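Asks: Quick mapping for you: the protein sequence lines, in order, are chains A and B. Note that UniProt numbering has the first sequence beginning at 1, numbered continuously upward. Note that UniProt numbering has the second sequence beginning at 1, numbered continuously upward.
Hints may be right or wrong, so weigh each one.
[To be verified] Which residues of chain B face chain A? A partial, calculated answer using Cβ under 7 Å:
1) ASP129
2) MET136
3) LEU147
[Unchecked claim] Once the Cα atoms are required to be at most 25 Å apart in a straight line, the calculated SDA-like pairs of lysine to any residue come out as:
4) B:LYS31 with B:THR42
5) B:LYS171 with B:GLN155
6) A:LYS189 with B:GLY111
7) A:LYS326 with B:LYS175
8) A:LYS298 with A:SER8
9) A:LYS189 with A:LEU174
10) A:LYS189 with B:PRO215
11) A:LYS189 with B:ALA139
12) B:LYS226 with B:THR42
13) A:LYS189 with B:LYS157
14) B:LYS175 with A:GLU328
15) A:LYS189 with B:HIS177
16) A:LYS189 with B:SER142
17) A:LYS189 with B:ALA161
18) A:LYS189 with B:GLY154
19) A:LYS189 with B:GLN106
20) A:LYS189 with B:GLN200
21) A:LYS326 with B:GLY154
22) B:LYS175 with B:GLY232
23) A:LYS189 with A:LYS298
[Stated by the list, open to error] Estimated spans, in silico, between C-beta atoms of each pair:
24) A:GLY62 with B:GLN200: 53 to 59 Å
25) B:LYS171 with A:ASP237: 55 to 61 Å
26) B:ALA25 with A:LEU81: 51 to 57 Å
27) B:PRO149 with A:LEU138: 32 to 38 Å
28) A:LEU149 with B:PRO150: 35 to 41 Å
29) B:SER142 with A:LEU82: 20 to 26 Å
30) A:GLY310 with B:GLN257: 34 to 40 Å
31) B:PHE45 with A:ASP117: 54 to 60 Å
32) B:LYS171 with A:ARG181: 54 to 60 Å
33) B:LYS171 with A:LEU149: 54 to 60 Å
34) B:PRO150 with A:THR241: 50 to 56 Å
35) A:LEU82 with B:SER98: 29 to 35 Å
Just so you know, the hints here were simulated from the structure itself, not pulled from any lab data. Because the structure is a prediction, the values reported are computed rather than measured. Glycine included, every Cβ here is placed at the ideal spot set by N, Cα and C.
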Amino acid sequence: MDFLQILSSALQQALGPTMLAYAICAIGLNIHFGYAGLLNFGQAGFAAVAAYGLAISVAYLGLSFWLSLLIGLAGAVVLALLLGVPTLRLRADYLAIVTIAAAEIIRRLGRSTTFSDYTGGSDGTRPIGSFNDSFVALNPFPQGWSLDLGIIRFTRADAWVMLVGWALVAFCLLVMFLAMRSPWGRVLKGIREDEEAVRSLGKNVFSYKMQALVLGGLFGALGGFVFALARDNVQPDTFSTELTFYCYVMLILGGAARLFGPLLGAMLFWFLYNFLVGTLNDLAGLQVLPTWLLTTTKSGPLVYVLMGLGMVLLLIYRPQGILGDKRELSLDVR
Amino acid sequence: MSGEESTASGAVAGTAAGPLAGVAAQPGVPKPDAILVADGVTRSFGGLRAVDVAHLEVQRGAITALIGPNGAGKTTLFNLLTGFDRPDSGEWSFDGRSLAGRRAHQVARSGMVRTFQLTKALSRMTVLDNMRLGAMGQAGESFWRGLIPPLWAGQEKENTARAMDLLRRFKLDAKCHEYAGSLSGGQRKLLEMARALMAQPTMVMLDEPMAGVNPALTQSLLGHVKELREEGMTVLFVEHDMDMVHDISDWVVVMGQGRVIAEGTPDSVMADPEVIDAYLGKHHDDVATDSSEGDS
Ligand SMILES: Nc1ncnc2c1ncn2[C@@H]1O[C@H](COP(=O)(O)OP(=O)(O)O)[C@@H](O)[C@H]1O
Ligand SMILES: [Mg+2]
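Please put together the full structure from these sequences, using the hints given.
Replies: Here it is in structure tokens:
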């Protein structure tokens, strides 16, 4: 068993494009869930709409890359409006139900053979055509170069996605930082605590919730772009409910309503996840554990069992997450 | 709460008590300068007619007490007038503008701000942030302008100064950086009232503002409510403590089973046999149940 190998590949994942895509989606979810108290269980839907918007606009419609990015973002805004208008005046759980359903519908539409001329079906958009030529052409790193960080190494293509991904993370965090220290952010936090009180002070609560849903959804869209560009493909199953729940775990692990909570959570979660996968795969190959517990086919489910156990322990011993403030949880929140 | 004090306050408030001096003590009587006028406001829950107010006027610049036994419909009337609930029928206007059908935040912006019987402190925000949230017309509350601090920093500073001023008056200034959720039940009531005042309303509607507040503080609170009247604010408040009602109010409206059953000056209302029957007879039971609610 090669621990250094497992460790370095987990580390590579913890800094790489996939983690970045998750982190950006989780930062968006932090606006929804952490600051505004909106239960969005369909962040995957925002990412999917944007990714498909980009891929289909370029590969099928033949539009320019930049215009297609705008179309993807517009798709996320439209989705936010569609989900928010009927539900944001109602109790919080309605948004949860509608978002989880909408995200699943979008994924299933992506998979369906009816639209496979546009989406490529379950294999993804690659057969329809490439959509990231313009992006690849902009890669500033020289041919044959790769990013060498000692024990880990990224290809030139990955390094370019990462440069953009980290820049997007920085941009999203900057927007969050500015927004949440402003009076606008204060209204949002007030809504999370008690929206009637905020209404009694003359704030249009519906409008603020809508703005929060759109902003967080746009971040989800940026995350969707990173998924798409990193893989040069938009596959429907990337955007399963699992994506949203990973984002929640990352957010709660790092600390909800904390600026760096989702980023820290994403890096840590994705590191641990890949470390466990690597370790269990190796252990299964070595056949040192009893077969009722671990075989090569059982290593996948066992990862989830262990991650779930970790989550339970986290909620028992540090429910506020790594960066959270214990004081807040001890308060009598009604 | 002595008789002397109430006479004194009546004299100070000559402007408010004066105009109401000649007004007849009967339900729905017109006021010389009404700021709030409600007509035919009704609301039923199932078969229960919680509010059925044929006509009610509230005098501008006066302190009006709304009393009545538990379940009389006082809170429901507050909810209707402030847009937190929809009536089955009815019209009402505030400061000359019709408010029927307006949403709660629009009502608040028009200058009528209410507090809640069950306090709504924003627990995971500091006391000071609770206060700042109360201020109206903040440039930084728009998303884009909020991103650029110079556009709102000046206003924020003014609001913070005003907030600290109010907190001092309510003896909460020492707690300004603590989470509102760490305050006692009584302190939350005070915070909610102070926060409503941050909005600089023309009229405040206080739903049982004194319930659960430390008795040592109620006296200064009463003084503060009187000051509001001096500043020209209209106050409508729900209160069960008759001494308190007698002490500070210029006018008393009595509700029973959703209707306005009596109106008048504190003295005339408390002498009204119908009121004593409908309300004062049960007074002590009500106070007992209410204070346990307030402390929860
Ligand atoms: N949301 C509601 N659903 C059903 N009944 C209600 C509701 N709100 C109030 N009521 C009923 O309406 C009546 C008036 O209540 P309320 O306005 O709270 O009285 P008060 O504030 O004078 O004590 C009570 O009988 C109460 O049970
Ligand atoms: Mg009540």
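Asks: Any hints from earlier that this structure breaks? Give me their numbers in increasing order, please.
Replies: 10, 12, 21, 22, 23, 30, 32, 34
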